[in-house]
Amino acid sequence: MHQENNQELKTLVEQAQNGSKHAFKEIFDSLNDKFFAYIFSRTSNRDDALDICQESFIDLWKSLKRFRYKSDQSLNGFIFIIIKRKLYHYYKDKQKIISLDKLDEKQLIQPIEKQNDYGYMLKHIDTLTSNHQDIIRLRYWSQMTFNEIAAVLNITESAAKVRHHRALQKLKINLSKNNYAI
Amino acid sequence: MPSNIEKKLKETAKTNPLTKNEKNMLWTKIEISINKINDFKPSIFVNLSPRFVFALIMILAIIGASVATVAASNDAGPGDILYSIDLAIEKVQLALSKEENKDNLRLKFAQERLMEAQRALAFQGDDNSASIITSTSTENNFKRIRKANKTLPSALERLEKTKELLERKGNEQGVEHINGMIEELTELAENHVSDLDDFEMEIEDENGIKSEINNYRNKIKVKFNLNNSGNKEKVIICHVPPDNPENAHTIVIAEPAVPAHLAHGDYLGECVNGVQDNDNGDNNTTSTPDVTAPAILNISSSVSTNTADIAWETDEASDSLVWYSTTTPLIVSSDTLFVNLSNLVTTHSISLLNLNSSTTYYFIVSSLDSSGNKATSTEYSFTTLTPDTTAPIISNISSSASTNTTDIIWETNEESDSIVWYSTTTPLIVSSDTLFVDSSNLITNHTIPLSGLSATTTYYFIVGSADASDNKATSTELSFTTL
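As given, the protein sequences belong to chains A and B, one line each in that order. For reference, each letter of the first sequence is one residue, going 1 to 182 in the numbering used here. For reference, each letter of the second sequence is one residue, going 1 to 483 in the numbering used here.
Please note: incorrect hints may appear among the correct ones.
[Stated by the list, open to error] Listed next, the in silico DMTMM-like pairs over lysine to aspartate or glutamate satisfying Cα-Cα at most 20 Å (straight line):
#: 1; chain 1: A; residue 1: LYS62; chain 2: B; residue 2: GLU31
#: 2; chain 1: B; residue 1: LYS20; chain 2: A; residue 2: ASP47
#: 3; chain 1: B; residue 1: LYS108; chain 2: B; residue 2: GLU164
#: 4; chain 1: A; residue 1: LYS161; chain 2: B; residue 2: GLU6
#: 5; chain 1: A; residue 1: LYS21; chain 2: B; residue 2: GLU112
#: 6; chain 1: B; residue 1: LYS36; chain 2: A; residue 2: GLU55
These aren't lab readings, by the way, just hints derived from the structure by calculation.
Please work from the sequences and hints to get the whole structure.
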């Protein structure tokens, strides 16, 4: 991923805003890994994750005209808002009884493909607060820089670093409580 | 300085990334959707003539759907319920659009068909299909292949119809355009021909019976490997998958699994129409099902001391089953002994082995025809023979000697074989070295010729006979003298 704002992405966004599917394909190609990883870490199965990812990009296309390019990170932030909304609807459909505030304490059944380390890690990440969860997922699953995370979460870069540090501490404590060797 | 937990997280997060195939599939779906957003929706909802809106509302009223249905049906592919609505809307649009726009619309619809095919096929893998298959169940994959099987021909048909229309109207540009699409679709089909036409599936049911399903040119064949785990009865049933009833096929299952299968709508016997080709959905040539049970005729039994052959005939091909027991009345339960042959015949024969001798057995025969109609006889019985433990009685032994030969003649009171031991020494003790002549024919009047004898010599001999049950009798020592 490019760290700096690059002219290329800006051009692609502009072309896509004018209806270029080709440009949109390029945007999709450069971002799908990042966002799929994030979505997959938050859904209970791969098919659902694929669906949400697909819908998010379709929504992105629909709402791209409303987007004002400031930086590459601002696009990430824009997409992230879309994904959060999709995920919210996904959980709402899935577990209507659980209120929005308690969403993060959810105890979703982990699917087979998330067994072992993957499932174990996610289970413990799920016990963190939503802010901490997000920062870990974005940092490791989406492999974002702090700069990017800051833009996505709409906080300053140093706040992102601090939050990341605290999230890791919490996770570590949780894991060691469960005798998980780190 | 990354801590251990950071490393661990990085490693963990790297697992399960999007595969190339999934990305392609994602993009294909996204592309189809955004194409519709781009030019399809506005043409309905923004640039609509009042005439069209009126017609659309009428259509919706007729099919009793809401506007939401239209939006949803736009995404429908072949095989979905909404697909027919999708097609209907397209037709209405075509009928009502201005003449110069019609061809464009036709092309656009054709393009949609092409994309539906692409979407269906995006599930089939080319290079790394394995990753897709592992992420979904085999059954899902099976469904998808079937769906792709349907989509492709329908898309092609559609494209060719459009082409024909455009050709008739002389829209050269349109024809060229559609030719491109047909080419694309053909290529797509060629690339996936292996996925579509042949696939194999191996299923093992809860009783350890493996069946193999091959799809070759849209015909599904099922092969079975019955491994002889126990002597459980195997039953032929017509398996009607609850979610895909047109894919009914004949399978063989173990008897304990029958109730479960019947519960979800399967029926006993082979499928009435064999494998139904669901592409021929238009000509509903369903044959009237066979509801008549076979008639059981001419039940007979032939017994020996510890086996019995039960034979009967039926007026239609059916399988063969004999329940048997030493108690009467014979009530068939899961403990009842039975012998079963599953091949469908009209002349039935079942051998019961390992029976006790001099015992009366009761039996019921039953035949099941290919449609699962079952006929059962009333109770019959047979008595096994008492074994022969009495040796034959040898009498009237005589010999008529000449110089070098003689005939030894004797009689027995039952059919038995013949042996003569002879020697020039006395007493004659039968050993493996003793000269003998024998015959295995079971007869009562025995004549055994001896040859190569010395002249004017006294020979001592013993005759012996054994009956069919191997009960043996021997004579005392006798003698003759050659001339």
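Each hint tested on the structure:
Between the alpha carbons of LYS62 (chain A) and GLU31 (chain B) the distance comes to roughly 12 Å, so the proposed pair stays at or under 20 Å and holds. Of the supplied pair hints, the one linking LYS20 (chain B) and ASP47 (chain A) holds, its CA atoms being roughly 15 Å apart against a limit of 20 Å. Distance check on the hinted pair: LYS108 (chain B) and GLU164 (chain B) sit about 15 Å apart at the alpha-carbon level, within 20 Å; holds. For the proposed pair LYS161 (chain A) and GLU6 (chain B), the alpha carbon gap of about 13 Å is at most 20 Å, so the pair holds.
About 16 Å separates the Cα atoms of LYS21 (chain A) and GLU112 (chain B), which keeps this hinted pair within 20 Å; it holds. The hinted pair formed by LYS36 (chain B) and GLU55 (chain A) meets the criterion: a straight-line CA distance of about 14 Å does not exceed 20 Å.
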